[in-house]
Amino acid sequence: MSTTQGNAAETQVVEFDVRTDEMLVNMGPQHPSTHGVLRLVLRTDGEVVSEVTPHIGYLHRCAEKIGENLTPRQWIPYTDRMDYLAGMSMNLGWSLCVEKLMNLQVPEKARHLRVIIAEMQRIASHLVGMGAYGLDLGSFSPFLYAFREREKILDLFEEACGARLTYSYLTVGGATADLPPGWLQKCEAFLDQFLPVIDEYHALLTTNSIFIKRCTAIGVMSSEMAISYGCSGPVLRGSGVDLDLRRDGEEWCTNMYDGYAFEVIVEKEGHYPKDHVYPPVPPEAILGDCWHRFYVRMLEVRQSIDLVRQAIDRYSSATGSYGEPVKLAEKLPRGEAYLETEAPRGQMGFYIVSDGSAIPWRARARSSCFCNLSVTSELCRNTLIADIPAIVGSLDIVMGEIDR
Amino acid sequence: MSEQNLVTRLQDKFGEQILAVHLDAIDPWVEVSADGLPEVCRYLHDAPDLKFDYLSCISGVDYFEADPKKIAKQEGKPRLEVVYHLWSVTHKSSLVLKVILPRWKDGQEGCLPEVPSVTDIWRTADWHEREVYDLSGVHFVGHPDLRRILCPEDWEGHPLRRDYQMPLEYHGIRCR
Numbered sequence: 000m001s002t003t004q005g006n007a008a009e010t011q012v013v014e015f016d017v018r019t020d021e022m023l024v025n026m027g028p029q030h031p032s033t034h035g036v037l038r039l040v041l042r043t044d045g046e047v048v049s050e051v052t053p054h055i056g057y058l059h060r061c062a063e064k065i066g067e068n069l070t071p072r073q074w075i076p077y078t079d080r081m082d083y084l085a086g087m088s089m090n091l092g093w094s095l096c097v098e099k100l101m102n103l104q105v106p107e108k109a110r111h112l113r114v115i116i117a118e119m120q121r122i123a124s125h126l127v128g129m130g131a132y133g134l135d136l137g138s139f140s141p142f143l144y145a146f147r148e149r150e151k152i153l154d155l156f157e158e159a160c161g162a163r164l165t166y167s168y169l170t171v172g173g174a175t176a177d178l179p180p181g182w183l184q185k186c187e188a189f190l191d192q193f194l195p196v197i198d199e200y201h202a203l204l205t206t207n208s209i210f211i212k213r214c215t216a217i218g219v220m221s222s223e224m225a226i227s228y229g230c231s232g233p234v235l236r237g238s239g240v241d242l243d244l245r246r247d248g249e250e251w252c253t254n255m256y257d258g259y260a261f262e263v264i265v266e267k268e269g270h271y272p273k274d275h276v277y278p279p280v281p282p283e284a285i286l287g288d289c290w291h292r293f294y295v296r297m298l299e300v301r302q303s304i305d306l307v308r309q310a311i312d313r314y315s316s317a318t319g320s321y322g323e324p325v326k327l328a329e330k331l332p333r334g335e336a337y338l339e340t341e342a343p344r345g346q347m348g349f350y351i352v353s354d355g356s357a358i359p360w361r362a363r364a365r366s367s368c369f370c371n372l373s374v375t376s377e378l379c380r381n382t383l384i385a386d387i388p389a390i391v392g393s394l395d396i397v398m399g400e401i402d403r
Numbered sequence: 000m001s002e003q004n005l006v007t008r009l010q011d012k013f014g015e016q017i018l019a020v021h022l023d024a025i026d027p028w029v030e031v032s033a034d035g036l037p038e039v040c041r042y043l044h045d046a047p048d049l050k051f052d053y054l055s056c057i058s059g060v061d062y063f064e065a066d067p068k069k070i071a072k073q074e075g076k077p078r079l080e081v082v083y084h085l086w087s088v089t090h091k092s093s094l095v096l097k098v099i100l101p102r103w104k105d106g107q108e109g110c111l112p113e114v115p116s117v118t119d120i121w122r123t124a125d126w127h128e129r130e131v132y133d134l135s136g137v138h139f140v141g142h143p144d145l146r147r148i149l150c151p152e153d154w155e156g157h158p159l160r161r162d163y164q165m166p167l168e169y170h171g172i173r174c175r
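Residue numbers (numbering that gives the first Met the number 0), protein chains in the order written: chain A, 0 to 403; chain B, 0 to 175.
No wet-lab data here; the hints were simulated from the structure.
All of these numbers come straight from a predicted model, not from anything done at the bench.
Where is the CB? At the ideal position from N, CA and C, for every residue including glycine.
Some clues are possibly wrong.
Here are the computed lysine-lysine pairs in the DSBU-like style, where the Cα-Cα straight-line distance is at most 30 Å [to be verified]:
#1 B:K12 <-> B:K69
#2 A:K273 <-> A:K212
#3 B:K50 <-> B:K91
#4 A:K267 <-> B:K91
#5 A:K64 <-> B:K68
#6 B:K97 <-> B:K12
#7 B:K50 <-> B:K97
#8 B:K50 <-> B:K69
#9 A:K273 <-> B:K104
#10 B:K68 <-> B:K12
#11 A:K267 <-> B:K76
#12 B:K104 <-> A:K330
#13 B:K12 <-> A:K64
#14 B:K50 <-> A:K64
#15 B:K76 <-> B:K97
#16 B:K69 <-> B:K104
#17 B:K69 <-> A:K64
#18 B:K76 <-> B:K12
#19 B:K68 <-> A:K330
#20 A:K185 <-> A:K330
#21 A:K326 <-> B:K68
#22 B:K68 <-> B:K104
#23 A:K330 <-> B:K12
#24 B:K50 <-> B:K76
#25 B:K69 <-> A:K326
#26 A:K212 <-> A:K267
#27 B:K68 <-> B:K50
#28 A:K64 <-> A:K151
#29 A:K330 <-> B:K76
#30 A:K64 <-> A:K267
#31 B:K12 <-> B:K50
#32 A:K330 <-> A:K64
#33 A:K151 <-> A:K185
#34 A:K64 <-> B:K104
Just so you have them, the derived chain A footprint on chain B, three or more residues with Cβ under 8 Å [as the list claims (entries may be wrong)]:
#35 20 to 30
#36 47 to 57
#37 95 to 108
#38 117 to 124
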């Protein structure tokens with residue numbers, strides 16, 4: 000407000016409007032909360048975000064172009080580096096896709112080995128998802144507790160195949176090597192000590208009132224929106240859609256879990272499977288919000304422990320080969336095949352086109368997080384800036400898989 | 000709904016938009032003309048006993064043999080295929096649609112072939128079509144925001160094309 004001095008009798012008072020412009024804030028590629036190199040451009044009016052535009056491609060490594068120059072077995076290390084927190088599941092997805100093209104069934108023992116490995120990987124991956132989510136929201140302890148348990152799983156994987164992160168263990172035909180002697184006992188010992196620890200995580204995060212305030216009713220996604228945007232995995236099941244490729248997928252995917260008893264973790268009529276065992280759903284939580292997506296992951300960890308135990312029994316009693324890999328330059332039949340498998344972060348699809356030689360014509364990876372992330376622009380309308388890490392963290396994305 | 004029944008229904012309803020049918024492939028596929036794609040997709044999405052409400056993947060595949068020694072072995076003419084993998088959440092069935100395009104529009108090198116966008120049917124198509132545009136060079140008519148998604152915005156060329164040559168330099172960085 001300013002005054003202009005005219006006559007003493009005529010003082011004009013001019014009022015300036017207090018303008019609030021919109022600001023474009025860059026949550027740049029390097030940021031502790033964006034789960035990798037993700038750039039979010041926020042259009043904010045003060046603290047309220049009116050629009051979020053995700054920019055990806057900072058980790059694009061042209062894996063698909065490279066896949067046109069290598070045989071399928073040689074491409075397996077590239078699949079490891081896509082969702083690097085769930086490398087075994089990526090290897091498994093690509094191996095199953097190539098086996099679908101070649102019409103190659105792995106032996107029974109290899110099938111049970113794959114279930115053990117895939118479900119242990121699911122536990123490890125969800126531990127990262129859970130711990131990193133807590134870290135995004137500002138709690139530092141659950142991250143380290145989760146990684147304490149994850150270290151034990153990584154030690155087991157290192158014994159099996161020599162690597163902690165980029166395994167290249169499951170391959171076309173089975174696995175590169177059998178499990179070492181004593182591995183199954185160590186695995187069972189880990190599961191026995193891990194089961195009571197999950198209750199610690201529930202106490203730290205799931206029932207924590209601050210966590211509940213920050214996650215419930217945030218980023219609510221209806222089931223129609225989730226299906227339309229192609230979301231999958233816990234993101235889809237957190238919105239109440241009953242879809243899990245281990246039960247509902249095509250035969251090449253479900254045959255692996257043939258004979259295993261497990262329940263799909265999704266809320267039906269207000270209840271999750273066996274939910275009397277777990278902390279109750281808080282009244283503020285709406286189906287399809289961040290809290291439900293997180294809760295689905297926690298329950299899936301418990302489910303995976305049970306699956307690993309079943310698989311260990313079956314593997315121990317199975318006879319035959321662990322699944323010798325096919326020749327490195329095995330000629331592929333002419334044709335094409337697409338297969339989606341249930342990776343920890345969602346439905347990971349691989350598409351292979353072959354012209355009859357040992358090298359595929361086209362190797363395409365359909366990333367689950369790619370579709371999960373595309374919902375961000377819709378979910379983050381008219382939220383607060385502090386809700387952005389909560390929403391993006393609940394989608395549990397890995398940029399390696401999005402950018403390939 | 001068996002595949003043969005589904006295909007017969009599509010052929011009855013859409014006639015000449017359904018160009019070819021391959022039911023004996025590992026993933027049975029139906030070739031659709033580019034102009035008829037939105038109608039066929041809308042029908043597949045809305046019909047209650049089909050309800051293909053989940054678009055799994057859109058891929059661009061370039062069939063062009065750059066090596067002159069191998070041209071004789073290639074099956075079919077050089078072409079660009081846009082492959083749509085559909086899935087039904089309610090019926091747990093899948094279907095593959097293909098749109099086969101010339102590699103350049105009207106034979107003019109540099110003019111991208113065009114396909115109508117299906118983003119208003121499945122929101123998944125938004126980012127997938129951007130990726131096919133970016134890497135394989137297909138222009139999606141009617142897309143709300145068709146720009147590069149994985150490559151930088153000012154990148155030239157479409158990397159997944161078989162005749163793609165890496166540029167010599169990009170902003171002063173030597174590429175090859």
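Checklist entry - Holds or violated: are the alpha carbons of K12 (chain B) and K69 (chain B) at most 30 Å from each other? => result Since the Cα atoms of K12 (chain B) and K69 (chain B) sit roughly 41 Å apart, the hinted pair is violated (cutoff 30 Å).
Item to check | Check of the segment 117 to 124 of chain B against chain A for coverage (Cβ-Cβ below 8 Å, three residues minimum) | outcome: Answer holds; 3 residues pass the 8 Å Cβ test.
Checklist entry - Does the structure keep K64 (chain A) and K267 (chain A) at a Cα separation of 30 Å or less? => result 43 Å, violated
Next on the checklist: So if I understand the rule, the pair passes when the alpha-carbon distance is 30 Å or less; does K76 (chain B) with K12 (chain B) pass?
Outcome noted: With Cα atoms ~29 Å apart, K76 (chain B) and K12 (chain B) stay inside 30 Å; holds.
Item to check | Agreement of K273 (chain A) and K104 (chain B) with the hint, judged by alpha carbon distance not exceeding 30 Å | outcome: Roughly 58 Å between the alpha carbons, so the hint for K273 (chain A) and K104 (chain B) is violated.
Item to check | Proposed proximity, K64 (chain A) with K330 (chain A) (alpha carbon, max 30 Å) | outcome: Satisfied, since the Cα-Cα distance of roughly 19 Å is no more than 30 Å.
Checklist entry - Going straight from one Cα to the other, do K97 (chain B) and K12 (chain B) come out at no more than 30 Å? => result 18 Å, holds
Checklist entry - Regarding the pair K69 (chain B) and K64 (chain A), is the alpha-carbon distance no greater than 30 Å? => result 19 Å, holds
Next on the checklist: Check the hint pairing K212 (chain A) with K267 (chain A) against an upper bound of 30 Å on the C-alpha distance.
Outcome noted: 24 Å, holds
Item to check | Pairwise hint evaluation, K68 (chain B) against K326 (chain A), where the allowed Cα distance is 30 Å at most | outcome: Judged against 30 Å, a Cα distance of about 26 Å means the pair holds.
Next on the checklist: Check the hint pairing K68 (chain B) with K330 (chain A) against an upper bound of 30 Å on the C-alpha distance.
Outcome noted: 20 Å, holds
Checklist entry - If you draw a straight line from the CA of K330 (chain A) to the CA of K12 (chain B), is it 30 Å or shorter? => result Distance ~41 Å between K330 (chain A) and K12 (chain B) Cα, so the pair is violated.
Hint compliance for this structure: hints 1, 8, 9, 10, 11, 12, 13, 14, 20, 23, 24, 27, 28, 30 and 37 are broken, all remaining hints hold.
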